[in-house]
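With these hints in hand, go ahead and build the complete structure from the sequences.
Here the protein sequences come in this chain order: P and H.
Throughout the first sequence, residue numbering follows our numbering, covering 1 to 111 in sequence.
Throughout the second sequence, residue numbering follows our numbering, covering 1 to 168 in sequence.
Hints were generated in silico from the structure; no laboratory data involved.
Computed from a predicted structure; not experimentally measured.
It is possible that part of the hints are untrue.
What the hints assert, rightly or not - Facing chain P, from chain H, some residues (calculated, C-beta under 8 Å):
no. : residue
1   : 6
2   : 10
3   : 35
4   : 40
5   : 57
6   : 58
7   : 69
8   : 91
A virtual CB, placed ideally from N, CA and C, is assigned to each residue, including glycine.
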Amino acid sequence: MLHEIIQWLRTPGLHHFLIISGILFSVGVFAILTRRNAIMVLMGIELVLNAANINFLAFSRYTSGTLDGQVVAIFVIILAAAEAAIALAIVLNIYQNFSTVNIDEIDRLKD
Amino acid sequence: MDLYIIVFYLFALITLASAAIVVISKNIVYSAFALLFTFFGVAGLYVLLMADFIAVTQLLIYVGGILVLLLFGVMLTTKVIRVDMRTATVRTFPAVVIVAALAGTLIGIFWSTDWPQSPASDGFERTIPQIGEMLLTSYLLPFEIASVVLLVALIGAAMIARRERKAL
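See the structure below:
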């Protein structure tokens, strides 16, 4: 049993990458759920997107054998960049209007 | 010990430990800098997955772009002078339960599923020419739409952030 575990640990493969991305995804969801600061929530979203990208690349490498997963990963990175820019602009605007970025204190759409 | 195994566990450790620091740290600036190491670790994992171009893109866009943007956001929205960089957490205990259940489910599924393995998984050679060819042939429409999305995001971000307040 112990020998099998050591043998498994010594051969990094698809499962290892998937488990790392699963843990990274859960950590990101934890940040999204618990933080009050909007920028911390954004950081959690970035962690989740990175976990998804690891999955795409792992399946591209070990399962499909084609580069489609890598192309999809590029699109994920592009969308993450666009999302971060828009979200930061919204956060700055909210800060101008409310003087806070704590998402549980922002409960009005209009003055 | 194979070098590949050592490097794999090194990058996995960097990624997961710094991700934990991002989530646990009370100081938002520490979180942002820990995120830097998370992105580096993930880029290392990409290299191990034979995705050299994606790894370089990750470094350029995430570390050079998104992280700097996040740091700007942090600096512009926290009261640096009054040392108010601490951010509170809410509902920690239920979140821990939910996230533990989520992680357990995910890892259980990843573990128990018998994923198909490609027969000739000897890695890729020359990924960049192939990716460029695919972007301009089979992925041409998403590629063009992505460029439009980036343009819209650029204009939209400038519009939203520069909106002038009415004179009070």
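Output the numbers, in ascending order, of every earlier hint that fails for this structure.
Hint check: 1, 2, 4 fail, others pass.
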